[in-house]
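K.L.:
Taken in order, these protein sequences are the chains called H and D. Reminder that position 118 of the first sequence reads as 118 in our numbering, one-by-one numbering, no gaps. Reminder that position 27 of the second sequence reads as 27 in our numbering, one-by-one numbering, no gaps.
Treat the hints with care, since some could be wrong.
For identical chains, the list gives no copy identity; a pair is met inside one copy or between any two copies.
[What the hints assert, rightly or not] As a list, the in silico BS3-like pairs of lysine-lysine whose alpha-carbon atoms are at most 27 Å apart:
hint, residue 1, residue 2
1, K100, K9
2, K92, K177
3, K100, K28
4, K9, K49
5, K171, K123
Everything labelled a hint here was simulated from the structure, so no lab data went into it.
2 protein chains.
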Amino acid sequence: MFITSNAHKFGEIREIMNASGIDIIWKKMSYEEIQEDTTEIISLDSARKLSVMIPEPFFLEDTGLYIDGLGGFPGPYSSYVFRTLGNEGILKLLAGIPGKASFITVVTYFTGKDFLQFKGELKGSISNNPVGHEGFGYDPIFIPDGYTQTLGELSVTDKNRISHRSRAVAKFVEFLKNTENYGK
Amino acid sequence: MFITSNAHKFGEIREIMNASGIDIIWKKMSYEEIQEDTTEIISLDSARKLSVMIPEPFFLEDTGLYIDGLGGFPGPYSSYVFRTLGNEGILKLLAGIPGKASFITVVTYFTGKDFLQFKGELKGSISNNPVGHEGFGYDPIFIPDGYTQTLGELSVTDKNRISHRSRAVAKFVEFLKNTENYGK
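Kindly produce the complete structure, drawing on both the sequences and the hints.
P.N.:
Written out as structure tokens, the structure is:
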């Protein structure tokens, strides 16, 4: 059971997990997130609180864009900053600053008893302009290392081959495969 | 009892309340804040959680800078944004955008039974450069309407005469004066 209010996230993660033979169900709801400086702490706190209401196994996914030259901004507040400043705001902030950045995804899994976290990172840089209409959020301004295109120019399938989200989910799938819960 | 980890806030608020004959004690601690779009919701949530541990009356204070041209950014994330982007980042974001803005303070008071909120607002605009070393945070880039100086150029006493914080606290003091708890 994957808890998110974001249809894009659900679509990407379902595609990645289905490719490994794992089907997921979507619990569409938003949940409380605290203000903290790392995605790991925020997501673990959310999962703990949700586990009081939801005793069955579930997982959450949180992704942040961390820009080196901006002290990690927007980091854990990536979705708020996207809603208020957008990609345009990020580009203004970076004028003249080297745009190295990382996308970091943390999957937090509640086994019904314990909490486990799986992290995926994609290093890259911020482009000078938004390019492409694939993906969502900051994808059009993020160029993965070794690429000349932004994530916004890659198809979902191509993005899933390299993305922070797919790396975190791959670790999660690996864990599930090694437990007796696999395939259930 | 005023709960905050911020010595600047405590100093300003003590000065304002002392002037009305009310003495406060400082409970120096940080507390959980959720991610939400308004200071009122965040502060009320924090107070509810604190009230489980602290049964006596206490109050919290939260202040955000809301910039019109940036969709209210940095709003409830003002302290995180100040730590990462600073005043320089705000000035970059505003290049070419009219800099109208408001400082909003919300005081949340737990009476030992109920939760009450008192709001103070100071309208103004963002300066082209940081000026002055008084106050803290965004004070050096905020020019109150009707002034030519930034809050960073005003003494604490002058700032307290007009500030969002003092307006919220004045309403709070007014309430205390009208209850039997006044002066205790």
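K.L.:
Any hints from earlier that this structure breaks? Give me their numbers in increasing order, please.
P.N.:
2, 3
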